[in-house]
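A.B. asks: Residues per chain are reported as follows:
Protein chains: 2
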Amino acid sequence: MTGEQKPSLEVCLSPALLHLYDVKNSIVVIIDVLRATSTICTVLYNGASRVIPVASVAECIEIGNKLNAITAGERDGRIAEGLEHGNSPFEYPREFIENKTLVLTTTNGTKLLHMAKDAIEIITGSFPNISAVCDYLVAQKKPVILGCAAWKDRVNMEDTLFAGAVVSRIREHFSVDCDSALAAEALYQTSAGNIHEVMKQASHYKRLAKYGLEKDIHYCLTPDGANVLPIYRNGELIAAE
Amino acid sequence: MTGEQKPSLEVCLSPALLHLYDVKNSIVVIIDVLRATSTICTVLYNGASRVIPVASVAECIEIGNKLNAITAGERDGRIAEGLEHGNSPFEYPREFIENKTLVLTTTNGTKLLHMAKDAIEIITGSFPNISAVCDYLVAQKKPVILGCAAWKDRVNMEDTLFAGAVVSRIREHFSVDCDSALAAEALYQTSAGNIHEVMKQASHYKRLAKYGLEKDIHYCLTPDGANVLPIYRNGELIAAE
Chain L
4 MTGEQKPSLE
14 VCLSPALLHL
24 YDVKNSIVVI
34 IDVLRATSTI
44 CTVLYNGASR
54 VIPVASVAEC
64 IEIGNKLNAI
74 TAGERDGRIA
84 EGLEHGNSPF
94 EYPREFIENK
104 TLVLTTTNGT
114 KLLHMAKDAI
124 EIITGSFPNI
134 SAVCDYLVAQ
144 KKPVILGCAA
154 WKDRVNMEDT
164 LFAGAVVSRI
174 REHFSVDCDS
184 ALAAEALYQT
194 SAGNIHEVMK
204 QASHYKRLAK
214 YGLEKDIHYC
224 LTPDGANVLP
234 IYRNGELIAA
244 E
Chain H
4 MTGEQKPSLE
14 VCLSPALLHL
24 YDVKNSIVVI
34 IDVLRATSTI
44 CTVLYNGASR
54 VIPVASVAEC
64 IEIGNKLNAI
74 TAGERDGRIA
84 EGLEHGNSPF
94 EYPREFIENK
104 TLVLTTTNGT
114 KLLHMAKDAI
124 EIITGSFPNI
134 SAVCDYLVAQ
144 KKPVILGCAA
154 WKDRVNMEDT
164 LFAGAVVSRI
174 REHFSVDCDS
184 ALAAEALYQT
194 SAGNIHEVMK
204 QASHYKRLAK
214 YGLEKDIHYC
224 LTPDGANVLP
234 IYRNGELIAA
244 E
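Top line first, the protein sequences correspond to chains L and H.
Numbering-wise, the first sequence is residues 4 to 244 according to this note's numbering.
Numbering-wise, the second sequence is residues 4 to 244 according to this note's numbering.
No lab work stands behind these hints: they were computed from the structure.
You may find that some hints are simply not true.
What the hints assert, rightly or not - From chain H, some residues computed to sit far from chain L (all C-beta separations above 12 Å):
id, residue
1, LEU16
2, HIS22
3, ASP79
4, GLY80
5, GLU101
6, SER134
7, ALA153
8, LYS155
9, GLU161
10, ALA186
11, ALA187
12, THR193
13, ALA205
14, LYS209
15, ASN230
16, ALA243
Unchecked claim - Here are the simulated distance ranges between beta carbons:
id, chain 1, residue 1, chain 2, residue 2, range
17, L, ARG236, H, LYS155, 47 to 57 Å
18, L, LYS155, H, LYS69, 24 to 34 Å
19, H, ASP180, L, PRO96, 46 to 56 Å
20, L, ASP25, H, TYR214, 42 to 52 Å
21, H, ASN71, L, GLU7, 30 to 40 Å
22, L, GLN8, H, TYR214, 36 to 46 Å
23, H, GLN204, L, ASN71, 44 to 54 Å
24, L, GLY238, H, ARG81, 47 to 57 Å
25, L, PRO96, H, GLN204, 20 to 30 Å
26, H, GLY215, L, ASN230, 23 to 33 Å
27, L, GLU239, H, GLY215, 18 to 28 Å
28, L, LYS155, H, ASP121, 16 to 26 Å
29, L, HIS22, H, GLN143, 26 to 36 Å
What the hints assert, rightly or not - Here are a few chain H residues that face chain L, going by a calculated C-beta distance under 10 Å:
id, residue
30, SER17
31, TYR24
32, ASP25
33, ASN28
34, SER59
35, VAL60
36, ALA61
37, ILE64
38, ASN68
39, LEU70
40, SER206
We put the beta carbon where it would ideally sit given N, CA and C, even for glycine.
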């Protein structure tokens with residue numbers, strides 16, 4: 004016992020609960036596993052210079068034009084009208100995305116990101132970059148909020164599982180006095196080794212599987228396929244050095 | 004396959020998320036395990052004629068005077084000023100409470116109850132009456148929302164565990180297409196047989212244990228100690244026939 008107090012590690016299961024947390028004095032991890040934050044780390048891992056997350060399709064088109072950037076986003080499982088690409092991480096191989104700017108509109112993740120704008124730091128997390136996220140959080144020694152983007156404010160399985168995976172990995176470095184964190188951790192521990200099976204019951208899995216996106220889902224639930232740390236600065240997500 | 008569609012079974016983890024659910028067309032179960040809904044079923048089980056849940060201490064005193072009823076409620080772990088009794092189920096043995104009216108003020112549970120006022124039916128649930136709750140829900144064949152009272156809108160362990168216990172018991176009679184329900188069920192299944200140990204980590208456990216209330220907690224986490232069904236009618240909770 005050194006007497007040194009560990010920073011807090013909390014989980015916020017829905018954007019509709021974020022006002023209950025001390026965002027201003029915390030690092031916030033934006034979690035939108037299927038598929039926004041999985042795609043964001045993949046795009047940066049494959050060499051994109053930046054990802055600009057925006058809330059609306061109109062804004063995406065406008066900024067895309069202004070910056071001569073690639074525009075992407077889906078609504079109801081299809082590429083939104085006026086945009087060029089979708090939310091699948093497989094649409095962004097290195098030969099396509101390297102040194103480019105991606106303007107990405109997603110509803111749940113972008114909303115949460117903008118709600119967290121006063122945080123000490125905002126990063127994005129998902130299974131493909133879980134190690135980068137955990138290493139960063141442990142090194143910072145500051146209070147952390149794992150913020151699940153959820154689905155239209157409803158708690159979802161995949162973001163909760165990811166939050167639980169992070170808690171489970173780094174809890175010894177933090178003080179975990181948050182029942183959502185304990186519940187997410189327990190949920191993850193039950194599903195560990197079996198996460199794809201657990202996800203098959205989840206509402207979003209069913210939604211995406213209907214569109215034939217099992218390959219996306221598998222990638223998005225697998226650790227460290229794109230192990231880079233997206234960090235939010237001046238309206239852009241860039242890969243941390 | 005009969006072609007008959009099963010009603011939905013959903014879990015709402017916090018009052019701050021209730022607006023996302025179709026309350027009007029559902030039976031809502033108010034869950035405030037530590038200790039409001041555990042005490043409510045105990046009081047009715049021990050023969051009280053009714054429990055009147057109110058939001059404020061002032062209202063509790065006023066209605067208590069008007070009806071010559073017993074008043075109860077705590078703030079910060081102590082009997083609130085002006086009231087006679089606390090939230091412990093052990094304060095209400097049959098010889099004390101039989102044929103009496105209890106006016107009870109609790110913050111989290113009462114708030115949720117009033118938010119759910121347009122539901123088809125409102126009942127209260129907790130481990131001491133879990134079988135009565137499950138039997139009732141199965142018999143009704145209507146959509147169900149298990150509504151956790153939470154703690155100042157923050158998701159808590161004990162209400163989530165109870166919701167999960169109910170899902171686990173009655174899921175075959177319902178369509179469970181709600182990730183909160185799946186997560187709560189998985190959480191409960193990991194803790195089953197070990198629920199007191201799991202709870203020792205929870206924030207509310209620590210809060211109550213500080214006040215020496217382990218005996219209360221143990222009772223509130225044990226099934227069927229007061230197996231009656233409190234049902235909300237005209238502002239009062241009465242034991243269903």
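A.B. asks: Would you say the C-beta atoms of L:ASP25 and H:TYR214 sit inside 42 to 52 Å of each other?
C.D. replies: About 26 Å separates the Cβ atoms of L:ASP25 and H:TYR214, which means 42 to 52 Å is violated.
A.B. asks: A range of 46 to 56 Å was offered for this pair. Does it hold for the Cβ distance of H:ASP180 and L:PRO96?
C.D. replies: Since the Cβ atoms of H:ASP180 and L:PRO96 sit about 35 Å apart, the hinted range of 46 to 56 Å is violated.
A.B. asks: So H:THR193 supposedly isn't at the interface. Is its beta-carbon more than 12 Å from every beta-carbon in chain L?
C.D. replies: violated (5 Å)
A.B. asks: Report holds or violated for the interface hint on H:ASN28, using the least CB-CB distance to chain L and a cut-off of 10 Å.
C.D. replies: Because about 17 Å separates H:ASN28 from the closest Cβ in chain L, which is outside the 10 Å limit, the hint is violated.
A.B. asks: Any CB of chain L closer than 10 Å to the CB of H:ASN68?
C.D. replies: violated (35 Å)
A.B. asks: Does H:ALA187 clear chain L by more than 12 Å, comparing its Cβ with all Cβ atoms of that chain?
C.D. replies: violated (8 Å)
A.B. asks: May I ask you to test the hint 47 to 57 Å on the CB atoms belonging to L:GLY238 and H:ARG81?
C.D. replies: holds (49 Å)
A.B. asks: Would the hint on H:ILE64 be counted as holding, given a Cβ-Cβ threshold of 10 Å to chain L?
C.D. replies: violated (30 Å)
A.B. asks: Is H:HIS22 truly not at the interface, in the sense that its beta carbon sits beyond 12 Å from all beta carbons of chain L?
C.D. replies: With a cut-off of 12 Å, H:HIS22 comes too close to chain L, as the shortest Cβ separation is near 8 Å.
A.B. asks: Compute the least Cβ-Cβ separation between H:ALA243 and chain L, then decide whether it is above 12 Å.
C.D. replies: Answer for H:ALA243: holds, closest chain L Cβ roughly 30 Å.
A.B. asks: Let me know if the C-beta of H:LEU70 comes in closer than 10 Å to any C-beta of chain L, holds or violated.
C.D. replies: Constraint on H:LEU70 not satisfied, violated at 36 Å.
A.B. asks: So, H:SER206 near chain L? Judge it on the closest CB pair being under 10 Å.
C.D. replies: holds (5 Å)
Of the numbered hints stated above, those contradicted by the structure are hints 1, 2, 7, 8, 9, 10, 11, 12, 13, 14, 17, 18, 19, 20, 21, 22, 25, 26, 27, 32, 33, 34, 35, 36, 37, 38, 39, listed in ascending order.
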